Amino acid sequence: MSKLRPVARYAALILITLIFVTPLVWMLLTSVKTYDVAQQDPPSWLPNPFSTYGYDQILNNTANPVLRWFLNSMLAATLHTLLVLVTASMAAYALARMRFRGRGLLFALIVGTLFLPPTSLIIPNFIIAERINWIDTLTVVVVPGAASAFGVFFLRQFFLSIPAELEEAAVLDGANQWQIFRQVLLPLSKPALATLAVLSFLTNWNDFLWPVYVLFSPERLTLPAGLGLLQGAYVTDYPVIMAGAMLASVPVLILFVFAQRHVIQGVSRSGLKG
Amino acid sequence: MADVIEAGAARDSAPPPSGPTSRRRATQRGNRATPYLFLAPYLVLFGVFGLAPILFGVWISLHQWDLQLPNRPFIGFDNYQDLFSSDSAIYGDWWSSVRATGIFTLFSVPLLVVIPLGLALLLNRSFPGRTFFRAAFFAPYVLGVAVIGLLWRFLLDANLGLVNLLLGAVGLPSDTPWVTDVPWAWVSLVGVTVWWTCGFNAVIYLAGLQDIPPELYEAAKVDGAGGWDRFRHVTIPGLRPVVLFVLTTTILASANVFGQALLITQGAPGEQTRTVVWRIVDEGLRDYDAGRAAAMSVFFALMLAVVSVVNFRLFRYRED
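As they're listed, the protein sequences go chains A and B.
Numbering of the first sequence is given in this note's numbering, commencing with residue 1 and proceeding in unit increments.
Numbering of the second sequence is given in this note's numbering, commencing with residue 1001 and proceeding in unit increments.
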């Protein structure tokens, strides 16, 4: 629209990129500084001398088992993602491809909860989790959030876009619904499933509010929940705190780099086009 | 979002030409119970952690529900009354948190609706490096609130922080109390949130921009419309459903602000940046008064529902 000349456009883009990226670079640089260098006023950009002090502190600390938190998060996010993929894809298949009593109402209910602020359910969800003895377990950070209305909505829209004719051949071969779902529909849906997998993993990996309140034991925390303790323990020891933040960031940044195109397209399509 | 749902529904009722027969055939094969078997795993999850909590939350809110006591007497609307009567113990704290969330939402939403549109316009045309810039703008969004909270607490530190250092380097005041005093605490919370999430909205705008037929721009050009006119008469109307979507999701997200305030300003100064969600979880899960917390949640959800409905009405009205 605007007739920005290329130079002006690139100048603007580079300036904005600096604003977005500099804080992340600062996080990385600080995580490999010594305590003294991080405390310098004025601060120095370069980690001179380069130091693994921050990482040593968090990895060899028995009071705050950061490595354990990392593994907890990894396990929770992986299981959560699998649970979302299996339950949402099966439900979406039924909603997209089958006629049955209550289908319209059910779909409306599921979509309706998309509008509800998730935090408005946190008190009853806490009490439910408590009654079934899930508080302070891995299960409580894996399962409740997996009731993904978004996942069902997103996959249903994608399934609707796959022509039903492709299933006809399988029917002629005598395949049942489960075989059609597993052998025809799911293989055709890899991009959508990958997008949902990445988004589910990101959401669970980054979740903060729920784990902070449902996990207590130091060895059971997820990484985001544990980072608060780390900050409390090291107050202004920024190499240590930034090393912890790096540990929480690196897996999702790597995932993002590899899945970038899918994630971004998934985000834009899920909202608007289905 | 309603447009999205309607689009989905419309697609449902108007399948491609060969659709009806194959669909009917699809329903005839298999057992009557088959669809429910496919739905069962999800419905267990959705029932227990999606639908049940909605009804259960309302039920709790009508009781004096102390998490530590066995007796939970029914008290009708007393918990709701407490939110509105100035002599109740929670009145002051509650409305202070509503004010905090209100201020945050009021300032963050317009920025998160407008700035990402600018970014999307910058990225809309195809040019070398476009993918790189798009990824760079989106990158902060993939980090969690715990990480961005710790990171910005450090960056905004009045003495050791990079922000004051850079400001000092260009001759501006270098001792701004970004996280401990107002209005700076608000500038920080809003600024960090814009930095963190605006890539997300920009991506949604980009998808919307690419859906506007290029012929509309061509036609406008032929009619002699300049860049600004084309933006006003082609881009903006073409983006209306996208703007509605962005506006609604951003209001919901901003009203749910919690982690930033907890980690960056830590509620300071005083309790001024302690938000509604923070107040709800504290009331319920730290002070164990689940009844009041549930009443706050129901009231909060209703307020947001009203805002969403008003949103849709306004946009619909202007369409006529």
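Rather than coming from a laboratory, the hints here were simulated on the basis of the structure.
On a predicted model such as this, the values are computed, not experimentally measured, just so you know.
Incorrect hints may have been included.
[As the list claims (entries may be wrong)] Residues of chain A clear of chain B, computed beta-carbon distances all greater than 12 Å: (1) Tyr-55; (2) Arg-97; (3) Gln-177; (4) Lys-190; (5) Glu-219.
[Said to hold, decoys possible] Which chain A residues face chain B? A few, computed with CB under 10 Å, are given here: (6) Gln-39; (7) Ala-88; (8) Pro-117; (9) Pro-191; (10) Leu-193; (11) Ala-194; (12) Val-257.
No residue lacks a Cβ here, since even glycine has one placed at the ideal position from N, Cα and C.
Going through the hints against the structure:
no.	hint	in the structure
1	Tyr-55	16 Å, holds
2	Arg-97	6 Å, violated
3	Gln-177	5 Å, violated
4	Lys-190	20 Å, holds
5	Glu-219	18 Å, holds
6	Gln-39	7 Å, holds
7	Ala-88	6 Å, holds
8	Pro-117	5 Å, holds
9	Pro-191	15 Å, violated
10	Leu-193	15 Å, violated
11	Ala-194	15 Å, violated
12	Val-257	8 Å, holds
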